[in-house]
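*Asks:* Fit chain B to the known structure of chain A by using the hints.
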Amino acid sequence: MKLLQNIGKYTLMLTMVFTRPKKWKIFFSRLINELENIGISSLPIVALMSTFIGGVIALQTASSMSNPLLPKYTVGYITQSSTILEFSPTIISLILAGKVGSNVASEIGTMRVTEQIDALEIMGVNSLNHLVLPKIIAAILFFPVLIIFSMTLSMLGGWMALIITDLTTTETYVLGLRAFFNPFHITYALTKTVVFGFLIVSVSSFYGYYVKGGSINVGQASTQAVVSSSIAILVANLILTQLLLLS
Amino acid sequence: MIEVKHVMKSFNGQQVLSDINYQFETGKVNLIIGQSGQGKSVLAKCIVGLYEVDEGQILFDGRNFTSMERFERSQIREEIGMLFQGVALFDSLTVEQNIMFPLTMFTNMTKAEMQKRVDFCLDRVNLTGRNKLFPAECSGGMQKRIGIARAISMNPKYLFCDEPNSGLDPKTSIVIDGLIKDITAEFNMTTVVITHDMNSVIEIGQNILFIHQGKKWWSGDKDSILTTDNPEILSFVYASEFMKEIRSIMQEKRT
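Line by line, the protein sequences are chains A and B.
Offset between the first sequence (1-based) and the numbering used here: plus 1.
Offset between the second sequence (1-based) and the numbering used here: plus 1181.
This is chain A alone, in the form it adopts within the complex (with noise of 0.2 Å):
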């Protein structure tokens, strides 16, 4: 009962949300803002999850090919079907949830219990689209670039594992990632970040918005907002590979 009233209130946040701003340049300026707290904030830790990460999946797919049946490229050729199918744009995605989700309802629910919410709503100010607005906009347009900043070093950390290590050549490991490659997946990567920084952000801020308290609560509609969002992200995700690829 409780879900689907918040599912309710959800949807009335968004009709809230996606109004005509009242002054594009002001829009226009909090959009620049929220593409750096939003998107380029989070350069650093998508370049150092997706290297490892890259990495370590080039070399478990390497310890587990002892069947001499294999071609050597498969190891490449893995990396990048799982990086670009499900590593890049769910996984990253999930990291984003934590630190782009509690960053967004801490931030509102801030706003909230210390009535800065209230002022704007005094002032005439739609506090939906004025605070929500840009961030929603500013996830949508950065967090593709995240994830093909994330299939790129990911697909990097793992040519560095191999070579490294010595488990494979440069010839090989390019060979094995351009194999089969379908630019569909791209697409599909790409459509389902794009779903994943909607939801993010929006759920992140429905929970920051309608906290009531104090600190403590904030706290822990930052947790819910996280949580929530992750949820949203896994539900998504299968319905989107639904449709996308199987439909």
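Any given hint could be a false lead.
[Said to hold, decoys possible] Subject to a maximum C-alpha distance of 25 Å in a straight line, what follows is the list of computed DMTMM-like cross-link-like pairs (lysine to aspartate or glutamate):
id : chain 1 : residue 1 : chain 2 : residue 2
1  : A       : K26       : B       : E1260
2  : A       : K213      : B       : E1344
3  : A       : K23       : B       : E1318
4  : A       : K26       : B       : E1259
5  : A       : K23       : B       : E1206
6  : A       : K24       : B       : E1294
7  : A       : K26       : B       : E1277
8  : B       : K1313     : A       : E172
9  : B       : K1297     : B       : E1250
10 : A       : K26       : B       : D1272
11 : B       : K1338     : B       : E1259
12 : A       : K24       : B       : E1260
13 : B       : K1186     : A       : D119
14 : A       : K24       : B       : D1300
15 : B       : K1362     : B       : D1404
16 : A       : K213      : B       : E1233
17 : A       : K100      : B       : D1304
18 : A       : K213      : B       : D1272
19 : B       : K1226     : A       : E116
20 : A       : K23       : A       : E37
21 : B       : K1362     : B       : E1236
22 : A       : K24       : B       : D1404
23 : A       : K24       : A       : E172
24 : B       : K1186     : B       : D1402
25 : B       : K1226     : B       : E1206
26 : A       : K26       : B       : D1300
27 : A       : K26       : A       : E37
28 : A       : K23       : B       : E1294
29 : A       : K10       : B       : E1236
30 : A       : K26       : B       : E1344
31 : A       : K24       : B       : E1250
32 : A       : K23       : B       : E1260
33 : A       : K26       : B       : E1236
34 : A       : K213      : B       : D1235
35 : A       : K23       : B       : D1272
36 : A       : K10       : B       : D1235
[Stated by the list, open to error] Taking CB as the label site, the calculated pair distances span:
id : chain 1 : residue 1 : chain 2 : residue 2 : range
37 : B       : Q1195     : A       : N34       : 37 to 47 Å
38 : A       : T20       : B       : S1273     : 22 to 32 Å
39 : B       : A1317     : A       : N34       : 16 to 26 Å
40 : A       : L49       : B       : S1273     : 21 to 31 Å
In short, the hints are calculated from the structure, not lab data.
For every residue, glycine included, the Cβ atom is placed at its ideal position computed from N, Cα and C.
*Replies:* For chain B alone, kept in the frame of chain A given last:
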């Protein structure tokens, strides 16, 4: 003038406001007083539309706020300035940006015009030259004054102050009270102050509404509140030993 007619409000079945009727006059400081938890802040939040009333009407100079759509309400809200109990300054913005915020949002002023207005508002609250400070760098009294400067930046017709003296020392409280009284007369605003500070009542209480158990219990001015026989008012006004002493002196003078 703000008129409150038959306003009712409840939360989860518990009646918080019962049939409140009152007129807040223009050019005067109108106080809503009462003990904590009696419905003062709820009434103020109903008036500015942060809470929806269950029944009744709120009229801003004859315009029925309760029946308006969101867009129409936004227009009225542009005429409202509010000082919150916790000040509610935007902590990521400087003092100047806080005061400039409503101007950038709702006017087509040039940067120079906005700067002039910001300087005027800061000067009016005796904070000239503090433009570049962040709220966290200001004292409680300064933050209240910045809140007032932001509230008057749009030249509002209606000013709401929720417990403007909470957390302030008596001397700073008097400064804030004086400022509210002065700007009300200067800009001919309808000012509504929610307080339970008896000093404020005596300093600036031109019209007073006493709320008790969610009802309009008594109304009058600062002179009549000191002489009323209403027992709830007496227990509120003369709660402290100091006020009890004042009362006995007043009674002695009368006899």
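*Asks:* Work down the list of hints and note, for each, if the structure agrees.
*Replies:* Here is how each hint holds up against the structure:
For the proposed pair K26 (chain A) and E1260 (chain B), the alpha carbon gap of about 23 Å is at most 25 Å, so the pair holds. A threshold of 25 Å between alpha carbons decides the hint, and for K213 (chain A) with E1344 (chain B) the separation of about 20 Å falls inside it, so the pair holds. Distance check on the hinted pair: K23 (chain A) and E1318 (chain B) sit about 30 Å apart at the alpha-carbon level, beyond 25 Å; violated. Distance restraint check for K26 (chain A) and E1259 (chain B): the Cα-Cα separation of roughly 19 Å lies within the 25 Å cut-off, and the hinted pair is therefore satisfied.
Straight-line distance between C-alpha atoms of K23 (chain A) and E1206 (chain B) comes to about 32 Å, which puts the hinted pair past the 25 Å bound. A C-alpha spacing of about 18 Å is found between K24 (chain A) and E1294 (chain B), which places the hinted pair at or below 25 Å, so the restraint holds. For a cut-off of 25 Å, the pair hint linking K26 (chain A) to E1277 (chain B) stands: about 18 Å separates their Cα positions. For the suggested pair K1313 (chain B) and E172 (chain A), the alpha carbons sit about 59 Å apart, so the restraint of at most 25 Å is broken.
Using a Cα cut-off of 25 Å, the hinted pair K1297 (chain B) and E1250 (chain B) is violated, with the two alpha carbons roughly 34 Å apart. Our distance criterion of 25 Å between C-alpha atoms is met by K26 (chain A) and D1272 (chain B), whose separation comes to about 21 Å. Of the supplied pair hints, the one linking K1338 (chain B) and E1259 (chain B) holds, its CA atoms being roughly 9 Å apart against a limit of 25 Å. Distance check on the hinted pair: K24 (chain A) and E1260 (chain B) sit about 18 Å apart at the alpha-carbon level, within 25 Å; holds.
Our distance criterion of 25 Å between C-alpha atoms is met by K1186 (chain B) and D119 (chain A), whose separation comes to about 24 Å. For the given pair, K24 (chain A) sits about 23 Å from D1300 (chain B) by alpha-carbon distance, which is consistent with the 25 Å threshold. For the proposed pair K1362 (chain B) and D1404 (chain B), the alpha carbon gap of about 17 Å is at most 25 Å, so the pair holds. Restraint check for K213 (chain A) and E1233 (chain B): satisfied, since their Cα atoms lie roughly 17 Å apart, inside the 25 Å limit.
For the suggested pair K100 (chain A) and D1304 (chain B), the alpha carbons sit about 42 Å apart, so the restraint of at most 25 Å is broken. Straight-line distance between C-alpha atoms of K213 (chain A) and D1272 (chain B) comes to about 19 Å, which keeps the hinted pair within the 25 Å bound. Between the alpha carbons of K1226 (chain B) and E116 (chain A) the distance comes to roughly 12 Å, so the proposed pair stays at or under 25 Å and holds. Among the hinted pairs, K23 (chain A) with E37 (chain A) is consistent with the structure: their alpha-carbon atoms are about 22 Å apart, no more than 25 Å.
Between the alpha carbons of K1362 (chain B) and E1236 (chain B) the distance comes to roughly 32 Å, so the proposed pair goes past 25 Å and is violated. With a C-alpha separation of about 48 Å, the suggested pair K24 (chain A) and D1404 (chain B) falls outside the 25 Å cut-off, and the hint is violated. Restraint check for K24 (chain A) and E172 (chain A): the C-alpha separation of about 54 Å exceeds 25 Å, so the hint is violated. Our distance criterion of 25 Å between C-alpha atoms is met by K1186 (chain B) and D1402 (chain B), whose separation comes to about 20 Å.
At roughly 18 Å between alpha-carbon atoms, K1226 (chain B) and E1206 (chain B) fall within 25 Å of each other, so this suggested pair holds. Taking the CA atoms of K26 (chain A) and D1300 (chain B), the gap is near 23 Å; set against the 25 Å cutoff, the hint holds. The hinted pair formed by K26 (chain A) and E37 (chain A) meets the criterion: a straight-line CA distance of about 17 Å does not exceed 25 Å. Restraint check: the Cα-Cα separation between K23 (chain A) and E1294 (chain B) comes to about 20 Å, which is no more than 25 Å; the hinted pair holds.
With a CA separation close to 24 Å, the supplied pair K10 (chain A) and E1236 (chain B) stays within the 25 Å bound. Only pairs whose Cα atoms come within 25 Å are accepted, and K26 (chain A) paired with E1344 (chain B) is rejected, the gap being roughly 35 Å. Simply put, K24 (chain A) and E1250 (chain B) have alpha-carbon atoms about 20 Å apart, close enough for the 25 Å limit, and the pair holds. For the hint pairing K23 (chain A) with E1260 (chain B), the CA-to-CA distance comes to about 17 Å; that is within 25 Å, so the pair holds.
Distance check on the hinted pair: K26 (chain A) and E1236 (chain B) sit about 40 Å apart at the alpha-carbon level, beyond 25 Å; violated. Distance restraint check for K213 (chain A) and D1235 (chain B): the Cα-Cα separation of roughly 21 Å lies within the 25 Å cut-off, and the hinted pair is therefore satisfied. In summary, the hint linking K23 (chain A) to D1272 (chain B) is supported, as the alpha carbons are separated by about 22 Å, within the 25 Å threshold. For the suggested pair K10 (chain A) and D1235 (chain B), the alpha carbons sit about 20 Å apart, so the restraint of at most 25 Å is met.
Checked against the hint of 37 to 47 Å, the pair Q1195 (chain B) and N34 (chain A) passes, with Cβ atoms roughly 42 Å apart. The hinted range of 22 to 32 Å is satisfied by T20 (chain A) and S1273 (chain B), whose Cβ atoms lie roughly 23 Å apart. The supplied range of 16 to 26 Å is met by A1317 (chain B) and N34 (chain A), whose beta-carbon atoms lie about 19 Å from each other. In this structure, L49 (chain A) and S1273 (chain B) meet the distance hint of 21 to 31 Å, their C-beta atoms being roughly 28 Å apart.
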